[in-house]
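Visitor: Here's the letter readout for the chains.
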Amino acid sequence: MPETPADRAYRGYTTLSAIAIPALVCVLAVLIARAALPALAADSGVSVIGRTWDVGRGQFGLLPALVGTLTTSFFALCIAAPLGLGAAVVAAELAPRPLRAPLAFLLDLLAAIPSVVYGLWALAVVVPLLRTRVMPALADAFPNAALVAGPQYGPSMLAAVLVLAIMILPYISAVAREVLLAVPRTQRDAALALGATRWEMIRDAVLPYARTGLIGGVMLGLGRALGETMAVTMVIGNRHTLPTSLFEPGYTLSSLLANEFGEASAEGHVSALMAAACLLLGVTLLVNGLAQWLVWRTQHGRIGDHRGAD
Amino acid sequence: MRVDLTGAGATFPYPLYARWFNEYAQETNVRVNYQSIGSGGGIRQVLANTVDFGATDVPMSDADLERSRTPIIHVPMVLGAVGITYNLPEITRPLRLSGEVIAAVFLGTITRWNDPRLVALNPDATLPDRELLVVHRADGSGTSYIFSDYLTAVSAAWSAGPGRGREVLFPVGIGGKGNEGVAGQVKQMPGSLGYLEVVYARQNRLPVAHIQNRAGRFVSPMPYEVASAATSVVDAQSSAKDLRISLVNAPGPQSYPIASFTWLLIAPDAIGPRKTAQLVAFVRWALADQNNAASTLGYVALPGSLADIVLDRLEQATTTPPRP
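Heads up: the protein sequence lines correspond to chains S and D, in order. In this text, residue positions in the first sequence follow the working numbering: the first is 3, and each later residue adds one. In this text, residue positions in the second sequence follow the working numbering: the first is 194, and each later residue adds one.
These are calculated hints, taken from the structure and not from any lab test. Cβ coordinates follow ideal geometry from the N, Cα and C atoms, glycine included. Some clues are possibly wrong.
To be verified - Just a few of them, taken from the derived set where beta-carbon distance is under 8 Å, the chain S residues facing chain D:
(1) S46
(2) G52
(3) D142
(4) G264
To be verified - Here are some chain S residues the structure puts well away from chain D; computed CB gaps all over 12 Å:
(5) T54
(6) I204
(7) L244
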């Protein structure tokens, strides 16, 4: 059948859409990289492994912010992933049927709260609570653990970790719930027919089937955590040092940009901040690439190998 | 005919500028579109010629002025000051501080409230044996610039160490974002001390310390004391070639020592005589401030004598014929 004008228009439109997204990403990356180019010069003072960020003296060490970004995101994921997956299992499988929809709605609602609101709440509620209750309790419970040693001010890496964990929780649980709901009925019926208990059915039939999507959801949460700016800036204490404990104040790449870009006017400073933006973009792309690879791996190695893991 | 001017820059004077521009648009046919993107952004945009005027709390550096293709004039519009706020439930009268002691606190050499240097300045108060926690601005800001400019002027150790800048590498303490971030953390943490813009402190009824000025007196950052600082510095430096001058550590018995101008940046040759004349007319109108917008909003207006000096200099700078 010959192509009608409508067909051509449709094809043109979809082709354009398909090109637009990669093009946008490329333009973005190229523009940021170009602005960061002066930072590559040997005398720019910009260093990914440098530890000192002193604008007045032209020293732009990115290591504390990079480590802060990675550490806060990692610990936030350690808290949010099990919690989010557990909540998804309850909302999709375990809760009494009338409760499932409201539960899912509440989980989604967490994702709709603007991050500055999380920040204000963290500043007004979480930080004082950490200072007066949680930090002393943790320090008493683990007197020899370096992770929970040091001054107990409140604004700290730990505060950032907690607020990040709460913020990425809905992303993880929403994706995980959808993925669990998409597991075919037959998968469950087969497990039950073989005499599995409900727990065995979820563990052996549902979760392995959904594994790809679950990993994808967790990685989506990690991506969010790496880039989250406002709430973290408000509670992390914004200190350019390599933290040795979760109680210490720290910095992240995104809060560095949020804090300093508006007032930066010296060329070296602007290009150093652009370099920080590049680094953040690079880390995010790396994490997403890793996620794609993990998803691909699990898809291709899925059938039959999950028993071996037990 | 309707006239449109665009400007960008400092966030500190934004509420006042917004009100001025609004009232000015009602009285005349001149509309000003101002974006409060920060002093650094204001300087960047003036240098790039993308706006008709800039606004900044921090004077442009010589290097930045040299980068500009045409001369840029600094026009003081209103006064700002930085206050030291603190959270110490034990004391009822305002804390007294000196420049040296503030520098020692922010350098981390004073770490407890009952340090002998603090006790010596506050003999009538009973200062507790409590940890002193420093809170500073984490974001680049004119407030940090003014504060570090002051510490650089009064303390050799600060001058040799962190120095002055919009972003300062504070050796101790935690960073809050914005005045509200600093105020929030100081309010929550007993034993903490931080610096913030005085307008913000006054609007939120935060305690502010009295600071020892060059004449040895302890003064509070009230409008009269801030205005005195400006008048005495301009009197002392009447031969300065422009009004890009620092007001910190001002002479005079009434002067509050941590004060600053906030400026409009005008590049007459870049925007042409017509827009320049309109900006000059606006400055003349704003400095007269007949509706008292500045003091209503908590700012400190330029005293009348100073406003005259600013206008004289602006007239001179904008009516000199451009160099051939």
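Visitor: It remains to establish, for every hint, whether it holds in the given structure.
Guide: Structure-based check of all given hints:
1. Because the closest C-beta pair between S46 (chain S) and chain D is about 16 Å apart, greater than 8 Å, the hint is violated.
2. With its C-beta approaching chain D no nearer than about 13 Å, G52 (chain S) sits outside the 8 Å limit, and its interface hint is violated.
3. Interface hint at D142 (chain S): violated, since its Cβ lies 19 Å from the closest Cβ of chain D, which is beyond the 8 Å cut-off.
4. The closest approach between the C-beta of G264 (chain S) and any C-beta of chain D is roughly 4 Å, which is under the 8 Å cut-off, so the hint is satisfied.
5. The beta carbon of T54 (chain S) sits about 7 Å from the closest Cβ of chain D, which is not more than 12 Å, so the claim that it is off the interface is violated.
6. Remark: the non-interface label on I204 (chain S) is consistent with the geometry, its nearest Cβ contact in chain D lying 44 Å away (cut-off 12 Å).
7. Under the 12 Å C-beta cut-off, the non-interface status given to L244 (chain S) relative to chain D holds; the minimum distance is some 15 Å.
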